[in-house]
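> The residues making up each chain are set out below.
2 protein chains.
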Amino acid sequence: MSASGPGDCFLADCPGRLTIELIAEKWTAVVLYGLSEGPVRHGELIGMIGGISRKVLTQTLRRLEAHGLVSRHAYAEVPPRVEYELTPLGASLIGPIHVLTEWARTNGDAVLDALDADSEATARNG
Amino acid sequence: MSASGPGDCFLADCPGRLTIELIAEKWTAVVLYGLSEGPVRHGELIGMIGGISRKVLTQTLRRLEAHGLVSRHAYAEVPPRVEYELTPLGASLIGPIHVLTEWARTNGDAVLDALDADSEATARNG
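Taken in sequence, the protein lines are chains R and B. Start counting the first sequence at 8; every next residue gets the next number (my numbering). Start counting the second sequence at 8; every next residue gets the next number (my numbering).
The hints are simulated quantities; they were obtained by calculation from the structure and are not laboratory data. Predicted model, so just to flag it, every value in this text is computed and none were measured. It cannot be assumed that every hint is accurate.
What the hints assert, rightly or not - Just a few of them, taken from the derived set where beta-carbon distance is under 10 Å, the chain B residues facing chain R:
#1 36
#2 80
#3 81
#4 83
#5 85
#6 87
#7 89
#8 93
#9 106
#10 107
#11 125
Heads up, the beta-carbon is just placed ideally off N, CA and C, and yes, glycines get one too.
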């Protein structure tokens, strides 16, 4: 459309934007990460992830399945067993998520320090 | 606290989680990307980013400033000039964001195809 560059897809509307918005959903990255070691059951994910409700996990898994990132396998056993695993597409997203989490690990404290300083400045001025 | 591994910080509550949640806010990554070429004015960012309102951009810039990722410079000129630019901390986040956007560029169509297939299956079964 207009002049092109690496950021255009990101700055304007395009299919990639949908992906960014999916990743931006609060639990998407956390749940994908939880699946990154292999197939797991719903209850196992609940145990791995702090602060997610069963309902929100179910909704998140359903959304990831709709986007082609997660597959659901129901085994006809007694008792019934359902497992979730990454598709190849979902697995390819683990690397980019890892880059982000490494940044967070390295710089999280600096962000918290900035927030503290900002709160103090606001309290002084406000 | 418990057994440790690369994903622990992400799966449990920790300072890094705050950062992930910041990045997950809808406009954070887009606005940081818009600032990645150097200082820009509010109105220039509006022109670069599709679909953001002036008010939401102002809120986003304020939030990024509070987190130490963006600095605001007001120049005593006539008319007054205000520019925004990345701090070194904010600039260090551009690389990780770029990795994500490249993933989106490569795989965005596959995600859209999955969504289409899922909608059709839902329409058939529902």
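> For each hint, tell me whether it holds in the structure or not.
How the hints compare with the structure:
1. Taken as an interface hint, residue 36/B checks out: its beta carbon lies about 7 Å from the nearest beta carbon of chain R, inside 10 Å.
2. Hint status for residue 80/B: violated, given a least beta-carbon distance of 16 Å to chain R, over 10 Å.
3. Against a cut-off of 10 Å between C-beta atoms, the interface hint on residue 81/B is violated, since the closest Cβ of chain R lies about 15 Å away.
4. With 10 Å as the threshold, the beta carbon of residue 83/B stays out of range of chain R, its nearest partner Cβ sitting at about 19 Å, so the hint is violated.
5. Look at residue 85/B: its Cβ only gets to about 25 Å from chain R, farther than 10 Å, so that hint breaks.
6. A cut of 10 Å between beta carbons decides the hint on residue 87/B: the least distance to chain R is about 20 Å, and the hint is violated.
7. This hint is violated: residue 89/B has a C-beta 18 Å from the nearest C-beta of chain R, more than the 10 Å allowed.
8. A distance limit of 10 Å between C-beta atoms decides the matter here; for residue 93/B the minimum to chain R is near 13 Å, and the interface restraint is violated.
9. Because the closest C-beta pair between residue 106/B and chain R is about 5 Å apart, less than 10 Å, the hint holds.
10. Given hint, residue 107/B at the interface with chain R, holds; its Cβ is 5 Å from that chain's nearest Cβ, closer than 10 Å.
11. Among the interface hints, the one on residue 125/B holds; its C-beta lies about 4 Å from the nearest C-beta in chain R, closer than the 10 Å criterion.
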